[in-house]
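S.K.: Keeping their order, the protein sequence lines are chains A and V.
For the record, in the first sequence the residue sitting at position 135 is 346 according to my numbering, with numbers rising by one throughout.
For the record, in the second sequence the residue sitting at position 79 is 326 according to my numbering, with numbers rising by one throughout.
I should point out that these hints are in silico values taken from the structure, not numbers from a laboratory.
Worth double-checking, as some hints may not be accurate.
[As the list claims (entries may be wrong)] Okay, the calculated bits of chain V under chain A, using three or more residues with CB under 8 Å as the criterion:
# : stretch
1 : 341–350
2 : 377–389
[To be verified] Computed cross-link-like contacts, SDA-like style, restricted to lysine to any residue with a CA-CA straight-line distance of at most 25 Å:
# : chain 1 : residue 1 : chain 2 : residue 2
3 : V       : K361      : A       : L345
4 : A       : K282      : A       : Q365
5 : A       : K287      : V       : K349
6 : V       : K352      : A       : T251
7 : A       : K309      : A       : L345
Where is the CB? At the ideal position from N, CA and C, for every residue including glycine.
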Amino acid sequence: MFGKAVNYELIWDFSVSGAVDERQRWILSAMQSYGQELVTMLWRILGNEQDVCDVYQNTFLQLAHYKSRQKPEHIKAYIFRVAGNAAVSMLRHRSAEKKRLSTAIVGRKAAISTANELDSKYLQETLRYHIAQLPGHLRDVIMLRDLAELSYAQVGGILGISAATARVYRCKAIQLLAVWMDKEREERE
Amino acid sequence: MISINKNKGTPFRKSQNGSSNKCRQIRAWLHNITSSRLGLDADWVQNHIVNCPRCHRRLVSVGKVNLALSVMKSQPHELDLLMRANTQAIGVLKHSLRGAPKAQKLRAMRPEPKLFERCSKYTHSVANVAACIAILLLMKIGIFSSMDKFQTKGQKVVEQYYVSQVGEDLADEVFSA
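Same shape as in the complex, but just chain A (with noise of 0.2 Å):
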């Protein structure tokens, strides 16, 4: 009688989590969909493929574990700002680690002079870190619009605002960002 109701139990089990399972389906169709785009964009914050992977995976795994396993309304605006939130903070852990190892390497700014300025992988590298030190609204719009290379009126749904208003947005962020990037070639000078 007790294995029987042990057996009952099991197949209940294996029917609810079948259930779940199908429910979950939509994760693999949001992957299929959104998946590129996502890919593009870490790539291009974060230049290094294995740190793209690791973003892309966690933020796929968060995506399954949001809210006990229900389904985000807007799964887009989900996934991207959870992307870019983890890339971001990677993108902050990686530059403190770097000034951490470069201080004690000593003649560092010796070696960045005005000669590689135009180094593609040093402005890289630089707009990289200036940009993880914008604040949240402008960065959201910059990575949206430039780095995701979605349409104005795709970033005003992404994070709630109007397509004027990531426009605004988008032009403070690249005046601050090219008032930095000035400071930081006049401090080195």
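Here the structure of chain A is known, so what remains is to put chain V in place on it, guided by the hints.
M.R.: Coordinates of chain V only, in the frame set by chain A:
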């Protein structure tokens, strides 16, 4: 002509082709004027930038940010990055999801250009075909309208001949039947 709908507050376009063309012309004219007088390419702006070191520096800095963004965008990643990212992400999902046929497909997925990008190479030939079709249509319309004109003109000439030869009453009788 664009005017504001009082009920909805949204612009709507009137159906008259002439006025809409005029509006388009005015818009283009305004755009040209504002861009030539207020844009970065305007002479007075360029002169100012040359003489003002502060503006010059600002413009250079903004240019550098845009350059860095372009460089960032132009860097390609490995072709199998999407495949690897999908494989890694699927690896942490539930067992049943990992075994789903869609998951197998995602594990082998490679980046594909968007539909618009894929079609962009055919735009030239599509434009050519469209131009040919347009010319053919115009020719056809022109031929048919000319044939109609010939017919009506010919009928009028014959009618005139009958009027002059047999009189107006008889001619009317013949052509009204």
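S.K.: Can you confirm whether the C-alpha distance between A:K287 and V:K349 stays at or below 25 Å?
M.R.: Since the Cα atoms of A:K287 and V:K349 sit roughly 19 Å apart, the hinted pair holds (cutoff 25 Å).
S.K.: Measure nothing beyond the straight line between the CA atoms of V:K352 and A:T251; if it is 25 Å or shorter, mark the hint as holding.
M.R.: holds (19 Å)
S.K.: Given the hinted pair A:K282 and A:Q365, is their Cα-Cα distance within 25 Å?
M.R.: Status holds; Cα separation ~20 Å.
S.K.: With a C-beta cutoff of 8 Å, work out whether three or more residues of the stretch 341–350 of chain V approach chain A closely enough for the coverage to hold.
M.R.: holds (count 6)
S.K.: Hinted pair, alpha-carbon criterion (25 Å max): A:K309, A:L345. Please report holds or violated.
M.R.: holds (19 Å)
S.K.: Checking C-beta pairs, does the stretch 377–389 of chain V have three or more residues closer than 8 Å to chain A?
M.R.: Three-residue rule not met by the stretch 377–389 of chain V, so violated; n is 0.
S.K.: Compare the distance between the alpha carbons of V:K361 and A:L345 with 25 Å, and conclude whether the hinted pair is satisfied.
M.R.: violated (31 Å)
Of the numbered hints given earlier, the model fails hints 2, 3; all others are met.
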